[in-house]
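Novice: Each chain, letter by letter, is given below.
Number of protein chains: 2
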Amino acid sequence: QDKQDPKAGKEKAQSCAMCHGNEGMAQMPNAPHLAGQPTAYLAEQLKAFRSGARKNEIMSVIAKPLSDADIDNLAAYYSSFEIQLKR
Amino acid sequence: QDKQDPKAGKEKAQSCAMCHGNEGMAQMPNAPHLAGQPTAYLAEQLKAFRSGARKNEIMSVIAKPLSDADIDNLAAYYSSFEIQLKR
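Residue numbers (the numbering used here), protein chains in the order written: chain A, 4 to 90; chain B, 4 to 90.
This is chain A alone, in the form it adopts within the complex (with noise of 0.2 Å):
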């Protein structure tokens, strides 16, 4: 499975929502949005917590038992919403 897949990251993301919402926009205050981020950005941080390069108490747990595709899927899925401004 060498191609992301946004819809099996959507639903792998179920168990994200909680603090980042459904569609990626953070629900809780120290959450950040992960709506339209650059995917190598979204992989890159996935990875660091799941190897402990990067560190936090949720993240940590959360990523230590995701795949290398389970990652591509979630940055895929996040990544392909669009964000704009609010003017």
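Any given hint could turn out to be false.
Given that identical chains are not distinguished, each listed pair holds provided it fits within a single copy or across any two copies.
[What the hints assert, rightly or not] Here are the simulated DSSO-like cross-link-like pairs (lysine-lysine), alpha carbons at most 27 Å apart as the crow flies:
(1) Lys6 / Lys89
(2) Lys89 / Lys13
(3) Lys67 / Lys50
(4) Lys89 / Lys67
(5) Lys58 / Lys89
(6) Lys6 / Lys67
(7) Lys50 / Lys10
No lab work stands behind these hints: they were computed from the structure.
Once you've looked at the hints, dock chain B against the given chain A.
Specialist: What follows is chain B alone, placed relative to chain A:
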């Protein structure tokens, strides 16, 4: 200067604009959008880059000389933008 000062933050953010854009919409593929991110999240990440708790080639260098006031002002500036999903 206990209150966050987004105007001073805008001044300081001139050195961030190359990657993160003037209004926090990223210009570089691997740089995250900062616009509309929660103030506490932004401040926490800048402090992590400054202390080395979070590592990034560019950000570690840029965050090093920032004062707490700089960090609060930058966080206030970027979080002052509102973002929405492009429907």
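Novice: It remains to establish, for every hint, whether it holds in the given structure.
Specialist: To see whether the hints hold, each was checked on the structure:
no., hint, in the structure
1, Lys6 / Lys89, "between (33 Å within a copy, 25 Å between copies)"
2, Lys89 / Lys13, "both (25 Å within a copy, 18 Å between copies)"
3, Lys67 / Lys50, "both (9 Å within a copy, 24 Å between copies)"
4, Lys89 / Lys67, "neither (35 Å within a copy, 32 Å between copies)"
5, Lys58 / Lys89, "neither (32 Å within a copy, 31 Å between copies)"
6, Lys6 / Lys67, "within (22 Å within a copy, 38 Å between copies)"
7, Lys50 / Lys10, "within (20 Å within a copy, 35 Å between copies)"
Hints 4 and 5 from the earlier list are contradicted by this structure; the remaining hints agree with it.
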